[in-house]
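Enquirer: In case you want the letters, here they are:
There are 2 protein chains.
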Amino acid sequence: MSELKYDVLGIGNAIVDILVQTEDDFLAENGLTKGAMGLVSAEEQRALYDKTGQAIESSGGSAANTLAGVAALGSRAAFAGKLKDDQLGTVFAHDIRASGVAFETPMAADGAPTATCLVLISPDGQRTMQTYLGACVDFSPADLDPAQVEAAQVTYLEGYLWDPDPAREAFFQASEIAHSAGRKVALSLSDPFCVDRHRDGFVPFIEEHVDILFANEDEILSLYQVDDFDTAAEKIRGVVDIAALTRSEKGSVIVTADDTVTVPAAHVEQVIDTTGAGDAYAAGFLAAHTQGRDLKTSAALGGLLAAVIIQQIGARPSAGVQHLLQDLDG
Amino acid sequence: MSELKYDVLGIGNAIVDILVQTEDDFLAENGLTKGAMGLVSAEEQRALYDKTGQAIESSGGSAANTLAGVAALGSRAAFAGKLKDDQLGTVFAHDIRASGVAFETPMAADGAPTATCLVLISPDGQRTMQTYLGACVDFSPADLDPAQVEAAQVTYLEGYLWDPDPAREAFFQASEIAHSAGRKVALSLSDPFCVDRHRDGFVPFIEEHVDILFANEDEILSLYQVDDFDTAAEKIRGVVDIAALTRSEKGSVIVTADDTVTVPAAHVEQVIDTTGAGDAYAAGFLAAHTQGRDLKTSAALGGLLAAVIIQQIGARPSAGVQHLLQDLDG
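Going down the list, the sequences are from chains A and B.
Quick note: the first sequence, position 153, residue 153 per the numbering used here, numbers continuous.
Quick note: the second sequence, position 87, residue 87 per the numbering used here, numbers continuous.
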């Protein structure tokens, strides 16, 4: 087995978020489903952007946010994702490296610009997203570094990467490389609409390739097309080693073949912006899990980091969070 | 006299801020003077950026921030400044228009990229800036729309615009157009180092062209190379119609030929980021002044908006502030 260099390697879309505060009326007027992520063309995104208020830009991308969180918690992190060599590509590459994540995927010299996600933040903190995938659609197996996959304890795949075809190929290749090297594969289901788009691909992929699955309640219900959380939890039991199911203010439920661990949500004073909450949960869980902590501690660290993220604007921790695991260890 | 279309037209550098939280040690290690704005090359800025932590991007530029504030307070605002037609140029143009400011300066198709300011925010909220002027150095008299200047009650010039030569030319032309149309000219001294660079130009320009001068204590001391605030205030008295002198937590002092109005600072719970405090003061002052309010009310509104800005990250108001003047009117 090759040397263990990373606790977690993430593979996902490399996206810069454009964050705008908005009213719910604006969502309705523009036919947007609150809380959802929609894929749009550059022109569609621009048309909506032209109607929004003043924004701020902040590096995003679901798996990239998770890996930034993993690094912020003191674990060894790497990320792979496709950028164009443009101003926003420079921003993304700077931020992911500045957060302590190894990032070596070559930037595209030509083609579509770096991906952007227009994030509309409602007064209650819920976010609605319109993503233009840009350069991300060119992420392909050639962008994978097999040595990096072999050197990572867990390879974490973002479900959104199922949207572009060549990236999906990279999914399968990464899983095979990881398992051949005796490593684990984790998958995040990303969003119920993403699950709906790709259910027929996800179900067998999960059965055959995934060791650790992250899903929120809506996503796991969508995966199995059932109405009831307990039914969905029983369906995933034993299909993967660990299913980490998040339920917002109800906390999270960890389902293994022969155990169910329920962990309450961390205290939240005021929800500011839910962007990245699920990403942060996965970060906390994986950081603790790869350091050998038990399921309860791992779920608790996930919940704590998610609580930090939803009490700030933006999807990555801006303040020091390295103490969170020690706090839990008490 | 042409029709009055704007309360304030701002002319300044069109810059996107890159905001990073930093420790004071980092400033010292990199030879930076805390609180100052330094002009750097693209390469110098990049070298420093590569050493900083995760950032967020937010439209900035001193006069642009002021005009965004003027519009946020419900007054009619326009801005002129030079962008490149690139991703950050798109961001700046979107944000200034989204904040309700008329912005028509043509973007450059070629040449240097849109300007960026690396803003290092210390734990005490003080900010230290490294600006790469990029496309701003190409702002020239040709970018001025004389009709816009004639249609603005006040043309507000940012002292930083004195740095690039063609922009300085535009300064003089704008002042002449404004005065010929019976309008007023305001100037912000921007920064004590800027004053130090351009004292010999500023002193006669102020005497001949400026009706309303904005300066903080360090800037007015630097302008007249004196050590004492009262001495500096007496030197500016009568040189301009109104000198609005800000003194941080001591509030502001408005000096006219025969009056001195002292207004205490607004209450601040916690200083988060002082970026844009002076810009916000000018916005509040001008919004009230152009609506015919007295000097005391104008200074108070300036102080209130500055207090809002230093209690958030970024230089432009993110929350609704339109009520502030009504609150003052009681």
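Treat the hints with caution; some may be incorrect.
Restricting the straight-line Cα-Cα distance to at most 20 Å, the calculated cross-link-like pairs of lysine to aspartate or glutamate (EDC-like) are [claimed, not checked]: (1) A:250 with A:227; (2) A:296 with A:327; (3) A:5 with A:176; (4) B:51 with A:104; (5) A:235 with A:269; (6) A:51 with B:104.
In short, the hints are calculated from the structure, not lab data.
Enquirer: None of the hints should be skipped; say for each whether it holds.
Expert: Results for each hint:
At most 20 Å may separate the alpha-carbon atoms for a hinted pair to count; residue 250 (chain A) and residue 227 (chain A) meet this at roughly 17 Å. Simply put, residue 296 (chain A) and residue 327 (chain A) have alpha-carbon atoms about 14 Å apart, close enough for the 20 Å limit, and the pair holds. Restraint check for residue 5 (chain A) and residue 176 (chain A): satisfied, since their Cα atoms lie roughly 18 Å apart, inside the 20 Å limit. Straight-line distance between C-alpha atoms of residue 51 (chain B) and residue 104 (chain A) comes to about 17 Å, which keeps the hinted pair within the 20 Å bound.
Restraint check for residue 235 (chain A) and residue 269 (chain A): not satisfied, since their Cα atoms lie roughly 34 Å apart, outside the 20 Å limit. Only pairs whose Cα atoms come within 20 Å are accepted, and residue 51 (chain A) paired with residue 104 (chain B) is accepted, the gap being roughly 17 Å.
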